[in-house]
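*Asks:* Sequence:
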Amino acid sequence: SVCLSLSVLAATCFVSALACLTSPSAVTEDGLISVQEALYGRKDREICSEDRPAYQLTNTDCSQVGTLDVIKRRCDGKKVCEFNTQILHTSDPCFGTFKYLDTTYNCVHGIHSITCEHSLAILKCGLVIHVQSANYGRHDQTTCSFNRPPPQLQNVRCSHPINKVAESCNGKNSCIIKASNSVFGDPCYGTFKYLEVSYTCDCK
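According to mature numbering (1 follows the signal peptide of the UniProt record, and there is no 0), the sequence shown holds residues -19 to -1, 1 to 185 in order.
Hints were generated in silico from the structure; no laboratory data involved. A couple of the hints might just be wrong.
Stated by the list, open to error - Lysine-lysine pairs mimicking BS3-like chemistry, simulated, CA-CA at most 27 Å apart:
id, residue 1, residue 2
1, K53, K24
2, K59, K153
3, K159, K60
4, K145, K53
Could you build all of it, start to finish, from the sequences and the hints given here?
*Replies:* This is the structure:
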């Protein structure tokens, strides 16, 4: 059963790295990140305070709206997620205050599925499907590359996060969806794509 998860709290000043690891060199087969809370701002005077003048630490009621959505889009469903906090510098919730990112996430047992374009993705659970992340595109030249001409594999910056898999499959114990442009649109014309889905089997 998959009703338990490991909860982790991570605070960082500059670069954030979230990971579901059994050891520094071994990524668990079934550990997937599920971000629960995220704060970019300042809630106390101690975190990320080293060598900072007092005036940069005084405001402890500072938080940027939308941080949780940004981190969830970037990290949910992955085993490892690393990024610079500069991606959050879209606005300044408290000018003059030195800010940090405080993230709480669970490491949940999950399934990582890859389905080549034109094929059927079959998601199965003994319990209830909950899609953590889904992307239709291409991130490398080796996945789903058999018998494909090189021009169809060159674009590895083809990313199209999608909600349709979650809308179709969440709450079910099995789900079939086709990996095709007719279902998800064509994010990169001429590239042979694949559907990448991370999902958990939840208790309810």
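*Asks:* Confirm or reject each hint.
*Replies:* Comparing the hints with the structure gives:
| no. | hint | in the structure |
| --- | --- | --- |
| 1 | K53 - K24 | 21 Å, holds |
| 2 | K59 - K153 | 22 Å, holds |
| 3 | K159 - K60 | 25 Å, holds |
| 4 | K145 - K53 | 17 Å, holds |
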